[in-house]
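Trainee: Starting from the structure of chain U, add chain G where the hints point.
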Amino acid sequence: MDSAGNPASQPPVYESPLCAEELETESLPTAGQISPPPLRRGFSSPEASISAIDFSSPPPPSRALDYLANTIQKNQIGIDIDAIHEAPLGSSMAPAQLYSTTSGRLYHAGKILVVTVGLPARGKTHISVAMTRYLRWMGVKTQPFHLGDYRRKVLGPGAELPEDYFFVKAGASTVKLRQRVVAACKEDVYRFLEQEGGQVAIYDAVNPLAGGRINLKKEFEKRGIQTLFIESFCDDERLIEENVRNVKISSPDYIGWKPEDAVKDYLNRINSKIPHFETMSREENLNYIKMVNAGESLEINNCRMIGYLLNRIVFYLMNLHIKTHVTYFVRAGECNEEDLYRTDSSLSESGVSYAQRMTKALLAHRKKEHETFIAQGGNPDALKPLTIWTSTRRRTVETGQYFPESYKRKQRPQLSQLNPGDLEGTTIEEIVAKYPEEAIKHKADPYHHRYPRAESYHDLAQRLEPIILELEREKSDLLIIAHESVLRVLYGYLMASRTEDIPFLEFTRDEIVEIIPASYQNVARRVKISDAVVDEA
Amino acid sequence: MPRVTNGSVDGIQVEDVRIVVVMVGLPARGKSLIAQKIVRYLSWLSIYAKAFNVGSYRRQDNPAPNAEFFSTGNTQGEQLRKAAAEAAVADMIEWFENEGGVVAVLDATNSTKERRRWIAQKCDERGYEAMFVESVCDHEEIILGNILEVKTTSPDYKDMDPETAVLDFKKRITHYEAIYETITETDLTYVKLINVGSQVIINRIQDYLQSRIVYFLMNLHIKPRSIWLSRHGESEFNLSGRIGGDADLSARGRAYAQKLPELIRESIGDRKITLWTSTLKRTIQTAEHLPYPKLQWKGLDELDAGVCDGLTYKEIEEKYPEDFKARDDDKYNYRYRGGESYRDVVTRLEPIIMEMERNENIMVVTHQAVIRCIYAYFMNVPQDRSPWMEIPLHTVIKLTPKAYHTEEERFFANIPAVSTFRAKHTSAKMEGEVQPELVKTEGDVQVENS
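Residue numbers (my numbering), protein chains in the order written: chain U, 648 to 1184; chain G, 3 to 452.
One chain only, chain U, in its complex shape (with noise of 0.2 Å):
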């Protein structure tokens, strides 16, 4: 194969990053000239959810986690996708949203079209699924625009790319694709900010020159939206390979090459498509945030009119990294006593042997996974080792005892289960005769209802806000042993879920359930523990 950048003996085209379509950003087609088919669908149940994803073209995959989340059976049992691709809904109040307003829009921020710059390989994706997680958990209508995926829409299925696609200068045909291509996406992008009461549009593409990005933020001006241009630059030769390598780890395209010989060539793909990359600079006059070499350093230019909303996004950011890691939660152990919340007592013996199984499976199942990974030519450096986050409550840090002695441990506070207030050890039926009116209130809004005393979903949503802002941060693999009703909540961040639903996520002591998290869509699965346990006996 010729690695010289050829595009005739290049292997196919696969994922999305090499977009040069924003080249382009002249005038939008006449209306009706193109319709898109709908990208997003509503939500009615898990099941709804899984379908609602397109599998026959899979997402762009850019990093090892990728590989995981790609190669899951998808009709497998006990799988769920994460929701962030679905529309924000229209009324309900987000899980940690505080006030809502009539415009739908908050923090008097007015509509803000974000939009990514950086070459491929540098994050975007994530950047923007991430970021759309974190604002939506909020309460800020928010939605990411993948021009990959108007692309492969607009295009169709089945259809092949033109060779000179991804490059700068491309034929008459070509270039007309890829305004088709654009103007589909910023359609849907007007429609979401003008129509559909949203507050920020991410625009994930490279834009690579200064001049498109100007053009970009005077066509939005216009019609009243903002622009907050981010940056993710490196120039660190080490973790652009490495981040190069982990891509290519996950994709077909390099089955078989050696990985130095793998990141050359991506490399030199990447020059001859886009030979002129303009980093972002004080100069253009643009609101504009440069996170450089993963996160180690923030610049944040002009932003200060966009005000609290900003800040908040960079607050996110520096929690943020490019790379992230496995997420596995587990219920705690039960106790002797009763299972109140002001006692804080010890596992019970059914307690104790439930602590010893779950970490043999999860041990079992991890050893498993890395060698899966590792057979299939995964990049032994890209294993992680376990960190384990437990509350203060005796019955979490005892759960995770008989992990080896050498995982990190912490205990936090703030994971602590919510607090049952007046309800301790109380049974639904006391509940209901004691306080018949919380109970009705309660059944109406389960999620921000709070008992006398207690605390609500909501509450505890707001509460461990600084937990999810950790949980970005975290290196290592993480292990969450928790209260049910604190797993709910992070789960339900993690995989976006209904707020309404939250309240009635299972998590269960015969399973771990694990969250795999990638560039598009985190995945999760629920690993039977009885099932590791048998399979390593």
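Calculated from the structure, these hints are not laboratory results. For glycine and all other residues, C-beta sits at the position ideal for the given N, C-alpha and C. Don't take each hint at face value.
Stated by the list, open to error - Listed next, the in silico EDC-like pairs over lysine to aspartate or glutamate satisfying Cα-Cα at most 16 Å (straight line): (1) G:K115 - G:E183; (2) U:K1055 - G:D18; (3) U:K1122 - G:D209; (4) U:K1057 - G:D209; (5) U:K758 - U:E868; (6) U:K1031 - U:D1124; (7) U:K1057 - G:D18.
As the list claims (entries may be wrong) - Output of the computed footprint for chain G on chain U, the stretches with three or more beta carbons under 8 Å from beta carbons of chain G: (8) 935-947; (9) 961-968; (10) 1097-1104; (11) 1111-1124.
Mentor: Chain G in isolation, oriented as in the chain U frame:
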């Protein structure tokens, strides 16, 4: 306030982060203001924080040095300044180790790489995370404003002729400029705030608490401004002694609303201000006649009294005697059945406090408990006192944050109103009674420092 650890499990501690925020910047760049604000913000959020001002250590031996003391050629001055820095760091270590400190702010110019390296090493030795915060500013106007404020408030220039003080201070700055090195040490954790947030550079943030501090800093500005606070005018519920609800204003409350524009006209002058109210009728009606752009915040609504909403204190005492007592014992943490505690209100006010820091001149018309929390933030009132502060009706409180303190003025409308204040361990015997002694003459202004 010691950190809470769970001693029941050997070898495992809760997150045990200790951070030293090290200020960097030339004089008159708002460093002390930033330092004070960090401490105030963290304390308000129940994180134990303290500022160590190197200048005040130096002042113990050199109460009012002239600019020559700060000259690079003055070796004696340099030695004394180093000694002051050492003394401050020693006290800081003592505070971390023996008093359970979590975030210390080292307030000095720390203008050379050498000095910063020394501090970074001191922190490393003890396992503290050093985080440098540099304030860079080349807007002459802002610097001059800061100089004028420093000369009027800094203990260094007590009893000195103001013009001489300004000249001396400018000279002092020149001496610092000669040796000043902006942070470029890429291995350090730092935040560089350039020209009041027009550019911010953030490097190597190590943990969540650091990111939280940076987030707060990004919301700060150092332009002079004031905040006017008022409770809503007397409401129908106030008259009948009931708490909560969404009642209309009483006749006297409406009179207060009528008088409000005049009451603050002089104090506001021609400044551009924005008016914030809650979403409840009584604050919206109170602000009705004020000619400023208005915003309604759900987050400014009164503390939610849950099942007690709409009751009088007397009824609460009868119906929920234990609650009534529990609330008196720990009012800050007491959460009404189905409602909120002061702590909950602080949590929900946090984004609003952030927005207040970000904005310039604001007037806020809101409710008693909410004003107590906001006031406690700006005036550094501890949690055991803040829920018991008296915030009378028909009074405007003007707060002006300065580098070393917050100035307070009160404007009394001279319109009678009931008192809604209930002292600790008293029943609500005052309810419904007019308290004429609380009404002071218009223009009666009291100024006090925090």
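Trainee: For every hint, state whether the structure bears it out.
Mentor: Hints and how they fare:
Taken as a hint, the G:K115 and G:E183 pair is honoured in the structure, with Cα atoms around 7 Å apart against an allowance of 16 Å. The suggested pairing of U:K1055 with G:D18 holds, with an alpha-carbon distance near 14 Å, which does not exceed 16 Å. In summary, the hint linking U:K1122 to G:D209 is supported, as the alpha carbons are separated by about 12 Å, within the 16 Å threshold. Taking the CA atoms of U:K1057 and G:D209, the gap is near 14 Å; set against the 16 Å cutoff, the hint holds.
A C-alpha spacing of about 10 Å is found between U:K758 and U:E868, which places the hinted pair at or below 16 Å, so the restraint holds. Simply put, U:K1031 and U:D1124 have alpha-carbon atoms about 6 Å apart, close enough for the 16 Å limit, and the pair holds. Of the supplied pair hints, the one linking U:K1057 and G:D18 holds, its CA atoms being roughly 10 Å apart against a limit of 16 Å. Counting residues of the segment 935-947 of chain U whose CB falls under 8 Å from any CB of chain G gives 5; the rule of at least 3 is met.
Counting residues of the segment 961-968 of chain U whose beta-carbon sits less than 8 Å from any beta-carbon of chain G gives 4, enough to reach three: the coverage restraint holds. Look at the segment 1097-1104 of chain U against chain G: 4 of its residues bring a Cβ nearer than 8 Å to a Cβ of that chain, three or more, so the hint holds. By the rule of at least three residues with a Cβ nearer than 8 Å to a Cβ of chain G, the coverage given for the segment 1111-1124 of chain U holds, with 4 such residues.
Violated hints: none; the structure is consistent with every hint.
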